[in-house]
Amino acid sequence: MLSYRHSFHAGNHADVLKHLVLLLIIRSLQQKEKGFFYLDTHAGVGRYNLTGYEAEKTAEYLEGIARLWQRDDLPQAVADYVAQIKKLNHGPQLRHYAGSPLIAANLLRPQDRALLTELHPSDFPSLRLNFKPYENVTTKRENGYQQLKSALPPKERRGLVLIDPSYELKEDYDLVVKAVEEGYKRFATGTYAIWYPVVLRQHVKRIIRGLEQTGIRKILQIELAVRPDSDQRGMTASGMIVINPPWTLEGQMQSLLPYLAQVLVPDNTASWKVTWIMPE
1 MLSYRHSFHA GNHADVLKHL VLLLIIRSLQ QKEKGFFYLD THAGVGRYNL TGYEAEKTAE
61 YLEGIARLWQ RDDLPQAVAD YVAQIKKLNH GPQLRHYAGS PLIAANLLRP QDRALLTELH
121 PSDFPSLRLN FKPYENVTTK RENGYQQLKS ALPPKERRGL VLIDPSYELK EDYDLVVKAV
181 EEGYKRFATG TYAIWYPVVL RQHVKRIIRG LEQTGIRKIL QIELAVRPDS DQRGMTASGM
241 IVINPPWTLE GQMQSLLPYL AQVLVPDNTA SWKVTWIMPE
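All the letters of the sequence shown, read from the start, carry residue numbers 1 to 280 under our numbering.
If you are wondering where the hints come from, they were derived from the structure by calculation, not from laboratory data.
Honestly, I wouldn't trust all of these hints.
The calculated DSS-like cross-link candidates involving lysine-lysine, where the alpha carbons are at most 30 Å apart (straight line), are [stated by the list, open to error]:
no., residue 1, residue 2
1, K155, K178
2, K57, K86
3, K218, K273
4, K218, K185
5, K155, K205
6, K155, K185
7, K178, K205
8, K273, K178
9, K34, K86
10, K132, K149
11, K34, K132
12, K86, K170
13, K140, K178
14, K86, K218
15, K132, K170
16, K170, K34
17, K57, K34
18, K218, K155
19, K32, K155
20, K86, K32
21, K185, K34
22, K170, K32
23, K205, K218
24, K170, K57
25, K132, K155
26, K132, K218
27, K87, K149
28, K155, K170
Required output: the full structure, derived from the provided sequences and hints.
As structure tokens, this is what we get:
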């Protein structure tokens, strides 16, 4: 089943968190001159029209990127993230949003390389078209989980794997863990960033238990909740689980999350955490 379309959710609070963490990891990788490899397992189309039918129907971006768009008090890392989105928008109006593959592709240096995979039959042609101008980006219509077997280890021996499924199938919560375990066997020094939604807390606990059982060390959890957990329909929070995070990431997110909570959720219902699932 491939019914999920990210265009309905582009630029929401979960995207803000995910893409800020993505940006911080890439900036850390750029501290060394040697090239790195970026793998996006569930790439989507790469860029989204916020004035289109899908985005306007839900208008989730109004409680995400739109709340940061015109602010003049952005912390440096958040300003860097917003600047990446502004590259798509000519003028002051927020019309377009960059997905994770486009943020990453625009940051790649000549010595870096990216592989973007997407299975959705409607999304892949757009993904391929959007990244045709990028010489160091490859797109494939393939199962993203399988790439953690076939594409790793990369020749660069440095890299970031972003795993960002829709979780529309309950099996995704287990498939994520299995894919990470397979990838880690081949590329233990790589950084793995797993995005997750909090719809039912028990599903997130499944991922955490699964990762604990792998024996992998250095697993950091970063989460931003816009409202308390609930058994009602809808996402109350989202997070990023990062294996082998840059040593600076924990402190950076501890500093940035209070700001994001205040700005994105002005009614003071937000909460956040940065904690180690498995320390070094």
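**Message:** Taking the earlier hints as the rules, which of them does this structure contradict?
**Reply:** 5, 12, 14, 15, 16, 17, 22, 26, 27 and 28
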